[in-house]
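*Asks:* Since chain A is already given, all that's left is putting chain B on it; use the hints.
Protein chains in written order, with UniProt numbering: chain A, 1 to 297; chain B, 1 to 230.
Hint data in this document are derived by calculation from the structure and do not stem from the laboratory.
Wrong hints could be hidden among the right ones.
[Stated by the list, open to error] For each label pair, taking beta carbons as the anchor points, the in silico distance ranges come out as: (1) B:Glu100 <-> A:Lys293: 20 to 30 Å; (2) A:Lys293 <-> B:Asn203: 36 to 46 Å; (3) A:Val273 <-> B:Val17: 53 to 63 Å; (4) A:Lys7 <-> B:Arg157: 19 to 29 Å; (5) A:Gly242 <-> B:Lys114: 34 to 44 Å; (6) B:Asp67 <-> A:Thr289: 26 to 36 Å; (7) B:His75 <-> A:Phe186: 33 to 43 Å; (8) A:Ile181 <-> B:Glu100: 32 to 42 Å; (9) A:Ile181 <-> B:Gly16: 49 to 59 Å.
[What the hints assert, rightly or not] Using 25 Å as the maximum straight-line C-alpha spacing, the simulated SDA-like pairs for lysine to any residue come out as follows: (10) A:Lys150 <-> A:Gly167; (11) A:Lys296 <-> B:Glu139; (12) A:Lys15 <-> B:Thr97; (13) B:Lys114 <-> A:Phe215; (14) B:Lys95 <-> A:Arg4; (15) A:Lys2 <-> B:Lys82; (16) B:Lys48 <-> A:Glu202; (17) A:Lys296 <-> B:Gly65; (18) B:Lys48 <-> A:Leu295; (19) A:Lys91 <-> A:Asn120; (20) A:Lys132 <-> A:Leu180; (21) A:Lys296 <-> B:Glu53; (22) B:Lys91 <-> A:Glu202; (23) A:Lys80 <-> A:Ser141; (24) A:Lys15 <-> B:Glu139; (25) B:Lys48 <-> A:Val197; (26) B:Lys95 <-> A:Met288.
Where is the CB? At the ideal position from N, CA and C, for every residue including glycine.
Here is how the chains run, residue by residue.
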Amino acid sequence: MKSRTLKRHFAEAFKSLGRNGWMSFASVSAVTVTLLLVGVFLVVLLNLNHLASQIEGDVEIRAYIDRTTKQTEYNDLQQKMEQIPNVNEVKFQSKEDGLQELIKSLGDEGKAFSSLKNENPLPDAFIIKTKKPQDTSTVASEIEKYDHIKKVDYGQGTVERLFKVTGVARNVGLVLIVGLIFTAMFLISNTIKLTIVSRRKEIEIMKLVGATNGFIRWPFFIEGFVLGLMGAIIPILVVVFGYQFLHGQVNNQLDTVFVKLLPVYPMVLQLSVMLAVIGGLIGVWGSMTSVRKFLKV
Amino acid sequence: MTLIEMKDVWKTYPNGVMALNGIDIYIDKGEFVYVVGPSGAGKSTFVKCMYREEKPTKGSILIQGTDLAKLRERHIPKMRRKIGVIFQDFKLLPKLTVYENVAFALEVIEESPKVIRQRVMEVLDLVGLKNKARSFPDELSGGEQQRVSIARSIVNRPPVIIADEPTGNLDPETAWEIMDIFKEINERGTTVVMATHNKDIVNSFKKRVIAIEGGRIVRDEQKGEYGYEI
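Isolated chain A (complex conformation):
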């Protein structure tokens, strides 16, 4: 294609954006509204996912060892555990360390236990982290079968419920996002279709004077892309500034429960790019599918 032609296509695209002012406005608004929903939803979902991962990441298995176990068998045990496929890491925690941690986690009340230092009632333990938190219970039941293991503890019951909740939340979120994007695609392509239907005569004449389909498509391609991008502007601004504000307000309060929101950067940048891309693609898709119908003259 000659560069002069490309220039013409751009000029045509912008001319028709201006000439069909209200239709352009309608298309841009449709993109704006849906992308706003998509953006806000993504922020919420990504954060929920992040929070869930943090909580899930805290899940670990504690395998307490019989007091009668000899020191040499410890190594065998550790190796055996490390060889379970889903296990990520096995750490040994001596009873002294265990007590230390207990005292620390209980704060002031813990000081009462300090006197136990000489007569430590705690057993030695292995702390096992699985590769995927969801494997916790299967790994735990595996370890439970081993010799010398007195007790396996991973918050039985609570953990299963936690995973069920986070699993459902993730799936629901995914379905909602996909649904939203589909709605956006149809809403936007329908609005764009209206602008193009009003120009079917133009397309018909272009075809009759011997314009190739590619030649006819170009301006519409550019126009769709521009409409989509313009529609993404407000959602991007809302996501960037809105999240910055929200993050500042909420994150400090969350500190008390040991979880954090996703950091503002790079998430808002990634989301902005994503919204712009979705907007552009949907715009192009909408205008291309609409033009295609009228090209068959």
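*Replies:* Chain B alone, transformed into the frame defined by chain A:
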């Protein structure tokens, strides 16, 4: 030299209407041909097949040796550039000026701006609308609009012009003005195929007449008559 050749062309529409039932015809370079016949006889389909708006169900249509019936979809644009088409309802773009409407046909074939300017002014001069170049179609009379569409159809110098009832919407006097332009174009060597209902024109400006009835050619005469009572 044969410009258009139709061999055993049949066209049945998806709804079962049999518009063309075996058409054979030769049209030579430089000819002026009227296509006449009652409404619904297949005139329009005949004409539409020539510029490949309709694809024949059977048979072949050769224009300068290219078979339209076998033409690939993506080769149609190239073929259309060899054919100027004129309609009863002008089909001008309302938001473009006269000049832009005519230039449009050259823009789509990516002519250089210089050539475009020169050729557009040339054809506007030929149809006598040089002074209306900046007007919009709705500021013009019907006859003037049709002249713009003629200018557009000839601006890329096609060997053949196909006109589907070009005077159908015009009063008799204006119709004659349009005919004068067609005469002029034909005299410059362009083949003209014109479907028409205008008895006066056919009978006074005598040229080859092809009469179509029931999807068949029933008459094909040099210097023929319209032959139907309206």
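*Asks:* Against each hint, give a clear statement of whether it holds in the structure.
*Replies:* Okay, the hints, checked on the actual structure:
| no. | hint | result |
| --- | --- | --- |
| 1 | B:Glu100 <-> A:Lys293: 20 to 30 Å | 26 Å, holds |
| 2 | A:Lys293 <-> B:Asn203: 36 to 46 Å | 44 Å, holds |
| 3 | A:Val273 <-> B:Val17: 53 to 63 Å | 55 Å, holds |
| 4 | A:Lys7 <-> B:Arg157: 19 to 29 Å | 25 Å, holds |
| 5 | A:Gly242 <-> B:Lys114: 34 to 44 Å | 54 Å, violated |
| 6 | B:Asp67 <-> A:Thr289: 26 to 36 Å | 32 Å, holds |
| 7 | B:His75 <-> A:Phe186: 33 to 43 Å | 34 Å, holds |
| 8 | A:Ile181 <-> B:Glu100: 32 to 42 Å | 40 Å, holds |
| 9 | A:Ile181 <-> B:Gly16: 49 to 59 Å | 44 Å, violated |
| 10 | A:Lys150 <-> A:Gly167 | 31 Å, violated |
| 11 | A:Lys296 <-> B:Glu139 | 31 Å, violated |
| 12 | A:Lys15 <-> B:Thr97 | 15 Å, holds |
| 13 | B:Lys114 <-> A:Phe215 | 20 Å, holds |
| 14 | B:Lys95 <-> A:Arg4 | 22 Å, holds |
| 15 | A:Lys2 <-> B:Lys82 | 22 Å, holds |
| 16 | B:Lys48 <-> A:Glu202 | 19 Å, holds |
| 17 | A:Lys296 <-> B:Gly65 | 24 Å, holds |
| 18 | B:Lys48 <-> A:Leu295 | 17 Å, holds |
| 19 | A:Lys91 <-> A:Asn120 | 20 Å, holds |
| 20 | A:Lys132 <-> A:Leu180 | 29 Å, violated |
| 21 | A:Lys296 <-> B:Glu53 | 9 Å, holds |
| 22 | B:Lys91 <-> A:Glu202 | 9 Å, holds |
| 23 | A:Lys80 <-> A:Ser141 | 14 Å, holds |
| 24 | A:Lys15 <-> B:Glu139 | 22 Å, holds |
| 25 | B:Lys48 <-> A:Val197 | 23 Å, holds |
| 26 | B:Lys95 <-> A:Met288 | 23 Å, holds |
In this structure, the earlier hints numbered 5, 9, 10, 11, 20 are contradicted, and the remaining ones agree with it.
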